[in-house]
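> With the sequence shown counted from 1, adding 12 to any position gets you my numbering.
Calculated from the structure, these hints are not laboratory results. Quick reminder that beta carbons are idealized off the backbone N, C-alpha and C, glycines included. A few of these clues could be false.
Derived DSS-like pairs: lysine-lysine, alpha-carbon spacing no greater than 30 Å straight-line [unchecked claim]:
hint	residue 1	residue 2
1	K1133	K1188
2	K206	K195
3	K123	K39
4	K661	K452
5	K543	K422
6	K896	K785
7	K452	K210
8	K447	K422
9	K753	K845
10	K39	K1170
11	K39	K1188
12	K911	K896
13	K845	K813
14	K620	K661
15	K749	K866
16	K749	K785
17	K753	K866
18	K620	K452
19	K785	K866
Have a look at the derived ranges for each label pair, beta carbon to beta carbon [what the hints assert, rightly or not]:
hint	residue 1	residue 2	range
20	D88	K123	39 to 47 Å
21	L111	K210	44 to 52 Å
22	K195	R96	37 to 45 Å
23	N20	K123	24 to 32 Å
24	D613	W748	53 to 61 Å
25	K210	T1042	56 to 64 Å
26	S887	W748	21 to 29 Å
27	L538	W748	37 to 45 Å
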Amino acid sequence: MGTTVATNALLERKGERTALLITEGFKDLLEIGNQSRPFMFDLSIRRPETLYSEVFEVEERVTLRNCTDTDLRSMDLSSPLVLRELTGTSGETVQLIKLLNLESVEEYLRKIYADGYRSIAVCLMHAYTFPDHELQIRNLAQQIGFENVSLSHAVSRRTKIVPRGNSAVIDGYLTPTIERYLKQFLTSFPDIAKSDTKLEFMQSDGGLVPAHRLSGLHSILSGPAGGVVGYARTCYDEVSEAPLIGFDMGGTSTDVSRYDGTLDHIFETTTAGISMQTPQLNINTIAAGGGSILFWRDGLMSVGPESASSDPGPTCYRKGGPLTITDANLALGRLIPEYFPSVFGPNEDEPLDRDVVIAKFEALTVTINQDTGKSMSWAQVAQGFLDVANSAMCGPIRSLTEARGYDTTKHHLASFGGAGGQHACAIAELLGIQKVLIHKHSSILSAYGIGLADVVQEGQRPCAKAYDSSNLPSILADLEELAQATKDLLGNDGILNVDVDRFLNMRYDGSETTIMIAVDQTHDMLQSFVKAHHQQFGFTPTDRNVFVDSIRVRAIGRGSFAAPSPDVSASVPGKPSVPADKCPAAEATNKVYFDQLGWTDTPVYILKSIPLGQKVTGPALVVDETQTILVGPGSSATSAQDKLILDVKVSEKGRNVTTDTIDPVQLSVFRHRFMSVAEQMGRVLQQVSVSANIKERLDFSCAVFSPDGSLVANAPHVPAMIGSMAFAVRGQIEEWKGRLKAGDVLLSNAPEYGGTHLPDLTVITPVFDAQEKDIIFWTASRGHHADIGGILPGSMPPSSKELAQEGALFKSFLLIRDGVLDEVGLARLLCDKPAQYPGSSGTRRYQDNVTDLKAQVAANHCGIRLIHQLIEEYSMEVVQVYMKAIQSSAELAIRNLFKRLAREFHQTELKEVDYMDDGTPICLKITLNEADGSAVFDFTGTGPQVYAITYSSIIFALRCIVDSDIPLNHGCLAPVTVHVPKPSLLNPAPTAAVCAGNVLTSQRIVDVIFKTLRVCAASQGCMNNFSFGTDDFGYYETIAGGSGAGPTWSGTNGVHTNMTNTRITDPESLERRYPVLLRRFCFRGGSGGEGRYRGGDGVVRDVEFRIPMMASILSERRVVKPYGMDGGEDGRCGRNMWVKGEDGEIMSIGGKNSVEMKAGDRLVIETPGGGGYGSKGGGEGKIEKDQAKVNRGFVPIANGSVEMARSLAEQV
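Model the full assembly from the supplied sequences, consistent with the hints where possible.
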């Protein structure tokens, strides 16, 4: 059976009161997470609240002797002082550097036990390989009387303390709730244990588990998992082996998944900013369901993500709800009120109300026609919203298939869920899928699938060994031992018919991207891994060893349910009672609106009355007690033994779009398609790259440009890169006019050519037409490379005075011509040229540079392929017309914003100034023109000596203020005139050093824009750029701080703000890769400014160096405080302190400095807090609802591989 107890406990925040015990120095680590904000443009930064109520720092510490995840592993580390060395469960050498203080733990546990706590979660550094300290704490807690003790190494044997810790907390929060539910359930069946009846529950991984082993962590997504098992068991054809796409559309969301004969699992996911590690099926939730609300904003139709939920529900529910997808289907005749029970209205005794829905659509149509000058009917508007919704739902499906190397058109669509049948035909048509399978129990397939599932037991252990002939025997021996132990667990439950699947979790050396490879009888897993890696990422690294991160087994106890006979589509079971070509009699007819046909009398069939093997020709409606299935015009439906099979006519719908006038429906569809191109480019770049900066910290951006270099679509990756790449593209257009040919690829990073700072390398590719004659688009990708040479590791020297000190300079380099990468020229500019400057070096990571540049080239080629697909689907003329129209829609949104601001301020001229730490002013005067909605941003008065970054800052600030999901393109800047003095801080001379411009100046430009427009108090105003390294390696990161409070929200602690949203490396990963020890990473209490709404606190990041190396800090707001607003107090400035290891002497090193560190030295970085808003005692009594704390609960939705890739910087 399935249970929603765990899911509901999370949604309603009704789990067990739980305390967290974590290694000393990390009390706030799980709240900081990866430091990125969930929604990039949300100034109130709604991060989910923690599930634990108490936290205690445990005095203990272990680390590893070697940096086992990088090529530094041969270096034995002996600093800090080691008390004892042991061998961990992964085979790695563990160094004990601080003993566990059990006395303090016992004192704390007795205190909270007396306070009523009965559940704790324990998470200690490197417990995945050294669990001893966690086990000692568990023994102590059980002696005291705690009923539930969740240990991080027991819930997950994987590295990374943040997701492992979250997993332990979720388990501790939910498992007691599950156990109480089971106890209550079993009281109704007192003799069940003595009978032959087995009580088993569904888990998120698609397997059943005996009731006594059910845990909260593993049952969060049991419902969606049941649906996947359901369609996998009932719809997969083992003869044709056609892969399936699961399409489960419900009331508030849609789940998509894929099945190709084996269940697709993932082991680490992030939901609403909370990462966790647990085996689950690769299910991806889209915020589009029957209850998704329909909006008309700034000339665009949009659907969701907001939902009407069940109360008030859609308009047709008679409770005053908004228009939704369900309403559009009802109004257009695709749902028939007579087939629904009368349970609607205030007294829940009335039928669905179609009349009020039509009235609302008529009113909305008047508005749309006024705004666009069109004369659409209400039915066209309703159909348009369905088209937009269907287009949006296709994006994640393409990501699940095409982005992973699979052809979408080769799949069948398995549709289920209450709303799936109304959209399945249209979705299949858009994707080019020719067959849709709808099971007779499709509306309850999740429950049906649970009955078809097997009992499953997962086992996993860390391995950390190179895959080679010397290690393979021990790896396989460990695997067999784990397999037997896991099999025995099922045997103890009386399950003897057990199959065991064995897996190796493999990766290339230097990469954190692992692939789960099944162990076959030939034991040729290396070849399987290479093939799988090439299939997914499109390339095979050379000269890189392969490592086994962990071993895994999946023991499957075969149940009593035999798998249904495979569907053979060519033959239909049973003998048709009437000829197959004769349609059965219709139950009724209903007027249904179709895009091409208009209102059409459409036959209505009862599903169970269609004889076996009979074909129903579309258009038609097929209904039963729980679902309505729409068969589109030109398609047909055939009744099979246990399902309805839809043969879909894949039409050339795009060919019907004209360029005579701009259709608001197609405009909204194209907005999704253009953005999808940029997003898929980003996924390719992240997957193919190898450096931590791009692959893990996600410091990159991808975009599409028009032939003249104006921005068309920029996926919301790193804000500092949004908009600025257009100047780089235009610089190359001028340089190469008439000299490029198809296949050419350019490389540039020079500020005078639109670059920001030198480590941001921009790869630019022209998109030629089919005749390879004219350039019709440009694609570009920009990534922050960890090192490109210069005077210091990391290529971000705080003391640089000239551009040459910051590393390699590419003004306009032809990287590829005729398919050949110019490696000689690249090596000369990356390695030789920078080393010619006194005190400088060439790049310290040349091979990583080359691989990441190839990844950028691959991303651009992905964009080219998708653009040509669009053109093939719609024609060149249509695509280019709608490209310009999308830019115009963004322009309209910004003009409306400026008009509103001019009215609100009752004045057209606004002035403010902010100061850099060295006293340099950033002056801004904004002049608003209410008549045409334009504005002038005049920076005259800004002190002496980064042009492109100014435009990125303006686009970001305006997008935040608009607070609407507008397209990010050139149109955002069309109403803006920018005056920047030359030369100045914002427009430097060509040879001036610029590394601080991108990372520091940009933050302060946003601050001064928000200050001028009275938006909110200042955030930390800095990225806290921290780098360290030697001649052999370099590492670079940016560090979170406090966000500013606003008129309706408090600031958020320890989060990235404004122009960056990059992640930070997990503490365990940091220590596994680099010779450092992270002593502390926690909030800096009291650093946020006080006020009616308080500013967020900064963080403390305390890093100890284990070998001599150079460390650099490039930071701001160490002198000038982050401003408060409207009576709120300023936030506290940051501090950077060098703590010498020998005597503990503390020395402040200022905001920008480089220091030669010895082994045992520490750099302690305290980041600024955010400013407060409003005077603390001011306001009308009680504080209104704090927007930063609205909707901060943990929402357990299925964020699988698509979301993992999509959350490059935000969830949109």
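> Each hint: holds or not?
Hint check results:
1. K1133 x K1188: 18 Å, holds
2. K206 x K195: Judged against 30 Å, a Cα distance of about 16 Å means the pair holds.
3. K123 x K39: 18 Å, holds
4. K661 x K452: 22 Å, holds
5. K543 x K422: 20 Å, holds
6. K896 x K785: 21 Å, holds
7. K452 x K210: 27 Å, holds
8. K447 x K422: 10 Å, holds
9. K753 x K845: 28 Å, holds
10. K39 x K1170: This hinted pair holds, its Cα atoms lying about 28 Å apart.
11. K39 x K1188: 28 Å, holds
12. K911 x K896: It holds: about 23 Å lies between the C-alpha atoms, which stays within 30 Å.
13. K845 x K813: The given pair, whose Cα atoms are some 18 Å apart, holds under the 30 Å limit.
14. K620 x K661: Cα-Cα ~24 Å, so holds.
15. K749 x K866: 24 Å, holds
16. K749 x K785: 13 Å, holds
17. K753 x K866: Distance ~19 Å between K753 and K866 Cα, so the pair holds.
18. K620 x K452: Holds, at about 9 Å.
19. K785 x K866: 25 Å, holds
20. D88 x K123: 39 to 47 Å: 41 Å, holds
21. L111 x K210: 44 to 52 Å: Taking Cβ atoms as reference, L111 and K210 lie about 46 Å apart, which means the hint holds.
22. K195 x R96: 37 to 45 Å: 43 Å, holds
23. N20 x K123: 24 to 32 Å: 31 Å, holds
24. D613 x W748: 53 to 61 Å: With a Cβ separation near 60 Å, D613 and W748 satisfy 53 to 61 Å, so the hint holds.
25. K210 x T1042: 56 to 64 Å: The hinted range 56 to 64 Å holds for K210 and T1042, with Cβ atoms some 60 Å apart.
26. S887 x W748: 21 to 29 Å: The hinted range 21 to 29 Å holds for S887 and W748, with Cβ atoms some 27 Å apart.
27. L538 x W748: 37 to 45 Å: 43 Å, holds
Every hint from the earlier list agrees with this structure, and none is contradicted.
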